[in-house]
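Number of protein chains: 2
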Amino acid sequence: MPSNLEQALQFVEEHQRASLELLNRFLAIPSISTDPEHRNDIDRAAQWVKELIGSLGADDAAVYSTGGMPAVCGSITTAGPAAPTVLVYGHYDVQPVDPVGLWDSDPFTGRIDDDLLFARGASDMKGQIIAVTAAVEAAQNCGGLPVNVRFFFEGEEEIGSPALEPFIRSHRDILQADFCLNPDAGMVAPDRPSICYALRGLAYYELCIKGPAMDLHSGMFGGAVHNPAQVLCDLISGMHDSRGRVTLPGFYDRVRELSADEKAELARLEMDEAYYLKQTGAPALRGEEGFTPSEQIGGRPTLEVNGLLAGFTGTGSKTVLPAEAMAKISMRLVPDQNPKEIRAQLESYLESRTPPTVSWSLDEFASGPPVLSPRDSAGNQAFADALEAVWGTKPVFKREGGSVPVATYLSELLGMPSVLTGFGLPDDHAHSPNERLHLPTWYRGMKAVTRFFYNLG
Amino acid sequence: MPSNLEQALQFVEEHQRASLELLNRFLAIPSISTDPEHRNDIDRAAQWVKELIGSLGADDAAVYSTGGMPAVCGSITTAGPAAPTVLVYGHYDVQPVDPVGLWDSDPFTGRIDDDLLFARGASDMKGQIIAVTAAVEAAQNCGGLPVNVRFFFEGEEEIGSPALEPFIRSHRDILQADFCLNPDAGMVAPDRPSICYALRGLAYYELCIKGPAMDLHSGMFGGAVHNPAQVLCDLISGMHDSRGRVTLPGFYDRVRELSADEKAELARLEMDEAYYLKQTGAPALRGEEGFTPSEQIGGRPTLEVNGLLAGFTGTGSKTVLPAEAMAKISMRLVPDQNPKEIRAQLESYLESRTPPTVSWSLDEFASGPPVLSPRDSAGNQAFADALEAVWGTKPVFKREGGSVPVATYLSELLGMPSVLTGFGLPDDHAHSPNERLHLPTWYRGMKAVTRFFYNLG
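Those sequence lines, one after another, are chains A and B.
Counting along the first sequence from 1, when you hit position 361 you're at 393 in the numbering used here, and nothing is skipped either side.
Counting along the second sequence from 1, when you hit position 423 you're at 455 in the numbering used here, and nothing is skipped either side.
Calculated from the structure, these hints are not laboratory results.
There may be inaccurate statements among the hints.
As the list claims (entries may be wrong) - What the simulated footprint calls covered on chain B by chain A, stretch by stretch (three residues with Cβ under 8 Å from a Cβ of chain A suffice, anywhere in the stretch; the number is not a length):
# : segment
1 : 36 to 42
2 : 87 to 94
3 : 250 to 256
4 : 261 to 269
5 : 307 to 313
6 : 341 to 350
7 : 432 to 445
All C-beta atoms in this analysis are idealised placements derived from N, C-alpha and C, irrespective of residue type, glycine included.
Sequences are here, hints too, so could you generate the full structure?
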């Protein structure tokens, strides 16, 4: 007699067509979070998701008001207190569809062409949600889920999740789990499943340099009055040394060095110099000396100028010596850097390097720590084994340069690690016209999630 | 029997009231060049000036069309070919009067309060024009002008003289003179007449640094892609050394050093560090080491950042790694620097210092050489002697940090030096509400111009 797992895998396979139909119904709701005209569709989508998880056995499924778009939560805890609990995260909102004229078919009507399903949200991430719920459904139909599952769906990921942090803070009870399964992180290529185990943190500031009390005529005063735009450039220039390293005092003190093993793993991504040159169109790359691009982006901290503004910036010329100059500067942080310490380092740098001809001030826009979910954690290992079983190849453990706010908040507020993975592909046109989902990969994903539950159970 | 000069000085004194009435009629024409609604007033003012110089004996007085506001020219050449010829320059247009609510009386009705005459244009520079024509009138009534005079009045100085250069180019014949008397340059204080003998030139560029083909996500690419805003700051920072000197190769090669005598003269201005701190509100001054503020502004070249723009500059934060970064950069040049050479120096600097990770381009907005009218030139000496005779004190020979386009064009196109002087004062509120003219200084000015003509004749 086949095991529950074998039956569940069989169930997934036999229900592929039903899962596709379910996804098409989900895709038909234009839940565009950024557009107030679609506010009603957001509510419809939340309701739809609530009914979906309710039908799988989450008897407490409910739509929750937040300061922003509603959240949907619910749980299936029939595996009992001895079994691990997984928080399944997803977002039911989607990007806008403009420019809609570039779509080859209606963005909200799933269209299949060969192995691809075209629709807004197919890959990012309604398809990912259905991959997980299909696995839950299979397990529920083949002896019951071997793990406890809590569902947590938000409706504003595509607008920066403004209400996410307070919601997590105030709903610890219904979110508590051993780890989070977040299938929004995608994979590298159809034959290369991946798990992201590290995300960089972000410390973002606006630096303002003020000199004279008002804009001055550069002819009448230039030469005797120190130009704040010049001072700003001097300060920014001094923030890196000739080897591309950040010079803030103590900036690297807490940086956890990449192990030889991690470097070998990053090299497996094959995102080398040629890859990044092609992706960016830059004439040449440059970063911290001694590291590959993947290491620089995934494993090393940076300091970037995100914006500069001073004086006259319109067409033509104006002979102004500006009274002030502004730069937006952000640092991407890696484990175990701490954004509060980074701010102190930046202040110390400014304190010691700013000449007495100007004054400086800092505004803080973001202060998020890096996230590291150890590769050998129970969640990551269970998922890695599941991926290997389905794909027949070891998944790549990668580190990413950006941040995933929900992973940061879960880590910070609930101490919860995340399994950052998914079955979206880099060329799925997420956020672009003709978004698509690679169906063979998606079907494999359902089986991987099914195996993941049984690996844990 | 009194000399012609003595009679003319007497005439000026006796006609002060008539000169004031004449000025008031001139002031009543609201010739605001920047406001299209006053285009008719510009024409009226041009016609008025034409009639004024015609009444003094300029039989060829005429209004000339230009690409912009009309010019007025005419000549009195009765002194004969052996006598020197003076080009009298002025502008009959005025600044707008906004905010008009801040005026204590109608801007276009002269109002006398004690020693001051209030009206738009009273100081800048209808009053200066009438000071010169009063002297011409006096000489004409007392034996005839001892020098030849050509008049040249423009009507668009307050909007940057867009038609000036082509007009001078195409009217060399009616402008030709030994030197120009330009009374638009003012004086330092009522008891301190001055002549400006050097103006800085201007070379103004927009520098654009381009890196990746499009704005990138600073998390996904930051660390491996060289940030163009960072490169721009590095390049700008490298343009000065730690002593406040410009590092463009060869930048100081042609700089004529200030003589001990010139430094002593600049020190007489008493525009010291305290003066500039008060004027600018800067926390501290900084310029090229080894020079006083007056020397830095009047006698040394500079490089200023007039504008900076890159990436996201709105409220809040955006994690962008910008595709390009822009700076507006201008150099103020002193004799004998040449703007074409300066451009080559800037290009050479950029060529050698820009990393291969970006490309750069330059747009040129201005390329004007510095102007030097030797202190011992015939015009400057004749005017200095006249000022000393009237004020009983040696005038200050000063150098200015800005540029005066008409002086540059006359120097460049006609090889003509200018006597840059005038009877406007720093607190005349030129360009501001309640513009005013200090009448005792103005009456002295008429006598100084009268003496100037006789010193030359």
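Check each numbered hint from earlier against the structure, then list the numbers of those it violates in ascending order.
-> Of the numbered hints given earlier, those the structure breaks are 1 and 2, listed in rising order.
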